[in-house]
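Engineer: Chains as they are written, first to last, in the numbering used here: chain A, 1 to 503; chain B, 504 to 1006; chain C, 1007 to 1177; chain D, 1178 to 1348.
What the hints contain is simulated information worked out from the structure, not anything from laboratory work.
Mixed in with the good hints there might be a few duds.
What the hints assert, rightly or not - Here are some, though not all, of the chain B residues that point toward chain A, as calculated from beta-carbon distances under 8 Å: (1) R528; (2) P807; (3) D816; (4) D836; (5) G841; (6) E871; (7) V877.
Said to hold, decoys possible - Result set (DSSO-like, lysine-lysine): computed pairs, CA atoms no more than 27 Å apart in a straight line: (8) A:K351 - C:K1037; (9) A:K403 - B:K509; (10) A:K10 - D:K1190; (11) D:K1208 - D:K1190; (12) B:K655 - B:K630; (13) A:K207 - A:K243; (14) A:K436 - B:K512; (15) B:K773 - B:K620; (16) D:K1208 - B:K854; (17) B:K512 - A:K9; (18) B:K509 - B:K746.
Built from N, CA and C at the ideal position, the CB exists for glycine as well.
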Amino acid sequence: MAPRPKLFKKVLVANRGEIAIRVFRALSEMGIASVAVYSEADRLSSHLAYADEAHPIGPPPAAESYLDIDKIIAVARRTRCQAVHPGYGFLAESHEFAAACRDAGLVFIGPTAESIKAMGFKTRAKKIMADSGVPVIPGSDGAVKNAAAALKVAGDIGYPVMLKASAGGGGKGMRIIYEAAEIEQAFRTARSEAESYFGDPEIFIEKFIERPRHIEVQILADDYGNVIYLGERECSVQRRYQKLIEETPSPALDAATRKRICETAVKAAKAARYRNAGTVEFMLDRNGDFYFLEVNTRLQVEHPVTELVTGIDIVKNQIRIASGFELAYGQEDIAPEGSSIECRIYAEDPKNDFLPSLGRIRRVKNPEGPWVRVESYVYGGYDVPVYYDPLIAKVITWGEDRKAAIARMSRALGEYTIEGVETTIPFHMWVMRDRKFVSGDFDTSYIDRHYRGNATEAHHRVPPEIAVIAASISAVERSARAVRPAGAASRWRDTARREGAAR
Amino acid sequence: MAPRPKLFKKVLVANRGEIAIRVFRALSEMGIASVAVYSEADRLSSHLAYADEAHPIGPPPAAESYLDIDKIIAVARRTRCQAVHPGYGFLAESHEFAAACRDAGLVFIGPTAESIKAMGFKTRAKKIMADSGVPVIPGSDGAVKNAAAALKVAGDIGYPVMLKASAGGGGKGMRIIYEAAEIEQAFRTARSEAESYFGDPEIFIEKFIERPRHIEVQILADDYGNVIYLGERECSVQRRYQKLIEETPSPALDAATRKRICETAVKAAKAARYRNAGTVEFMLDRNGDFYFLEVNTRLQVEHPVTELVTGIDIVKNQIRIASGFELAYGQEDIAPEGSSIECRIYAEDPKNDFLPSLGRIRRVKNPEGPWVRVESYVYGGYDVPVYYDPLIAKVITWGEDRKAAIARMSRALGEYTIEGVETTIPFHMWVMRDRKFVSGDFDTSYIDRHYRGNATEAHHRVPPEIAVIAASISAVERSARAVRPAGAASRWRDTARREGAAR
Amino acid sequence: MILYARMPDGERKVEIEKDGHTYTVIIDGKKYLADARAAGGPTSMSLIVDNRCYEVVVTTTGRKTLVSTGGEEYEVEIADELERRGGASAAHHTDIDIEEIKAPMPGVVVSIEVEEGQEVDPGTPVVIVEAMKMQNEIATLVGGAVREINVNQGDIVDSQKTLVVIERKAA
Amino acid sequence: MILYARMPDGERKVEIEKDGHTYTVIIDGKKYLADARAAGGPTSMSLIVDNRCYEVVVTTTGRKTLVSTGGEEYEVEIADELERRGGASAAHHTDIDIEEIKAPMPGVVVSIEVEEGQEVDPGTPVVIVEAMKMQNEIATLVGGAVREINVNQGDIVDSQKTLVVIERKAA
């Protein structure tokens, strides 16, 4: 037998922002030393101070820093790390990086390079799943060679259909076809786009499912063949294939469907010989049927909602599994309690078509109190860099039931103050009070169909009259000060302090 | 039958600081309007902004504001509140206040005035408990008339014994007697102290239990005779009878004792005809026997640890019960999971015998992230008022087990920055790493016996060399600035921004 | 004291009287009672208006006051009677025939789509700015001639930086 | 540049050289490499010393610099060679025979236990200050005559406020 595993002594986190801090906190609690890396644009990013060491890795563009495999591995070796945690994004789903780590004698905290690669190619992943009895969306058997073949497949499965890049993901290079006449040209365009986006022109066809829900299942798998699920997440509140709100449990599943989709995810993970934490994504149609979408071979942005209902620290389990430990839980130990919701706070203006709203953050006041969790990395005086993802924070709440979790999220968002940039906070405040969302009646088309930017106006927390009063008082005080000797501090301020003291 | 109960529409919170905010958050999540009151010293206290309305109630001394029953009731009536939540401290255990609320047509969110009164008198409370079969500490049968009677009782139960004021609490007016010769004088002094502290000279005798543990049980009771327990809390880390750290479950109890002490608490609550949330306190001796100590007829400072392991929001349940609802849980629904710890952050200097350290708080950075909860009310620029309790924050962590909760607390304390005043944070950091605490081997004498103020020095997070480097760099930059034209901003700052932008 | 508060949705007349910390404020005829104190920092104000408490940050630059509270921001231009008249006429004076096209957010200038002297129609893209991997076309809303180009490809620009100046066509 | 950093536990000699954002700092012979940047506010500094990052707040009043980081505070007095000699002799000059007894924390003066002119022994309580319902006896650590009483019963005093001045007995 293998020797008794030992936890790593030192780990490098090849990421930035809130997810780097999330991993550093786990490492700190596990007594593992940590190494941060940072680009020149991130010299003042707060993630540096959560690590035991911080090392520069180059210029702001990700390609020259956070995506530079050689540089990151060089730092890991120089600092004598035993393992690397990739977070999400950047190199998290790079099989080249996973392989390079292994070659350098470092443990990549995630699945094997082979799993990542197999799941990264959509057609290959779909085939593996179909062969293992996981329901997949009807479509071409792998890549489609030419327009004629595409026409035939589409005719067989019925319109509408979708053209997708085999090497794609995140909605890029996708194309919906409603009738046969469109196919020929669409096929040509899709191939050339796939070539230019992903360096691979391979295209496949799938039945287009209208207004599906996006349901995903969190799984944990160890080196000893144990695979468990930690329940599902509902991620249908999306905009341009970008998730904005996630929750668990999904209001769309009954207990039987839930069990079925979760057990299917375990089957999928076993089919992929998956190891470590991962997520199996499904589309759920209006009949309650679900289809395999893809496997995310990494930690998800939305992992906290699963943590809050199960009590299981997914990041610590990633590290334990990568250290060689067997899972400490069997499926029978997993008993999700209550309901949890996450709102992603982006530096984007929801009133203005979610345009990036960058610049200097003047002031931050995070929500606090019972069952509110904030994962953030920005602070007052911080300039959000233009180079990376505009996610600046996540707010996660837990409640005894969905209603309580939503009420708590409304309360938390009401406490959240980020000044200097526009954020998605007003958008989330709108959603938490929207009848459709509250009743659980939504799908991936929800935002496009129901949200209008000015809807957030109705949720102004502070009426404009208050601003008029504050500005007028300030003007009165300035004019009072103007006739006093220079150098005197604000008069109303001094008075306040004197009177306070005399009482 | 009574009509179907309805939640209150508007509630006044007769308190300040973190506990007022805790209650406002619950009210907000329940959709109930809220009213804050504040003394002149609290005009800038952050609790005002969490309520829908804020009303002044007089000068800083509590007797003229937070303890002024007439003023508070007048505000509640004027603002058309239906109920009053007293928090803890101030009027929370005043049966006069509970009665005055009732007389004014307001619901007091807590037990009846009669329960509060009965439990407030220690001898009466003890007799009620003993009569109901709750184990009580051997001692006099009620008050002791004179020194001769005291001598007889002490001889019967055996030394050491303790003299206690019937109307007392919180350790005031207590006196330990090790031998018969001390009794006569001690009895006289104790009576006169009891008279001057509590306006009642009545004294009783109890066996003195050496180095006990302090264990308490949280209960919930409704108007319909349902009483359940939410598990116990271990509160032995105390200093001068003031709790500093609380946790649940207690590392001192096995499952059988836990069940026994919890069921005894329910028996005690039933004996007292108790309603709403309450806490039954026990002393646990080294043989695993426990004795009734007192009933706290209110919300406890340390209620969050119970909330985190049970998932039950105690404050919301207080409000629901007071609104007339039946408990939504039976005992079989309560299944505590994992372990939770609370550290109380006081504005006191642990290096200097916990002397109050007041003044202006310059900067606050609260800990965040997974399973860390902060209940606080102070902010950068806030002057902690000299009139009230020095508790400025509570940090609560949850973990799968006690070890994980402690590790997480260490991590959270390491993130906690409060500048401008001394706090108990370094003390807590010491405790979280202390072998005795970590192994669960402690009792109420723990701090007096093991903690030396300078022990915290070993837990300096930042070596003094860093301060020397920072101060020296600052001096270099100032001297560089001195030779440049006036009005120019900090040079190193400008440079930093320019270079950041140019890269 | 009588003041005029200009906001994007219009101008409000403000009558304000001070008595200690208490201010009586009448906005377009509606009366408010406010208690204001400095709180925490030099620009922080605790404001209780009709028994509701707000934590407000007030920053003044010239005549413009930025008021932020609870994550919301309002820009208020405060003027007294005198300034209002002067300001109005000054504004009239500076109302010349140029239009400055500003960056709506910070970012990297990916490309410049026009040349100096070029005639452009309303809606013509002038500059493309990339922020957080999204490219944003900045177009002119007026037609005219490109008078100045103030940025180069590759520049990092702050929000509100003037990118291009257009001289309007004579009406 | 050579500086001297005085802290409660003694004086350290500091040799510091600057190169861009990088400072080479030698403290009592031990070398550190530091990268310092302004971060967030005018007194906030992000400091990376030998690859460890600290968020530091530096506030300077006169020669004294208060450095706070992670909730810990250090008071550092920085002087160059010249100031150090001058400072030392100045300190010598002001070393006259009075002792100021200061409030160790803010609070309310409950009572004054001495009178002007009274002779006191070391350890004599001079003032009782109440803070948060605890009464704290402030005692003199030196013996001598009470020269000044600067507070009255009922006063609210700030931390470090001089309560009483004692004139030391001639040695």
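Engineer: Next step is simple, just say for each hint if it's right about the structure.
Structural biologist: Do the hints match the structure? See the list:
1. R528: Since chain A brings a Cβ to about 5 Å from R528 of chain B, closer than 8 Å, the hint holds.
2. P807: Holds. Min distance 7 Å.
3. D816: Check passed: Cβ of D816 of chain B comes within 7 Å of chain A, closer than 8 Å.
4. D836: Violated: closest Cβ of chain A sits about 11 Å from D836 of chain B, beyond 8 Å.
5. G841: holds, 6 Å
6. E871: Cβ of E871 of chain B sits 5 Å from chain A, so the hint holds.
7. V877: It holds, given that the least Cβ distance between V877 of chain B and chain A is near 5 Å, below 8 Å.
8. A:K351 - C:K1037: Distance of about 31 Å is beyond 27 Å: violated.
9. A:K403 - B:K509: holds, 18 Å
10. A:K10 - D:K1190: Violated. K10 of chain A to K1190 of chain D sits at ~35 Å, over the 27 Å cutoff.
11. D:K1208 - D:K1190: Cα-Cα ~12 Å, so holds.
12. B:K655 - B:K630: holds, 19 Å
13. A:K207 - A:K243: holds, 22 Å
14. A:K436 - B:K512: Holds, because 25 Å separates the two Cα atoms, which is no more than 27 Å.
15. B:K773 - B:K620: holds, 16 Å
16. D:K1208 - B:K854: Violated: K1208 of chain D and K854 of chain B sit about 31 Å apart, past 27 Å.
17. B:K512 - A:K9: violated, 55 Å
18. B:K509 - B:K746: Outside the cut-off at roughly 37 Å; violated.
When the structure is compared with the earlier hints, violations turn up for hints 4, 8, 10, 16, 17 and 18 and for no others.
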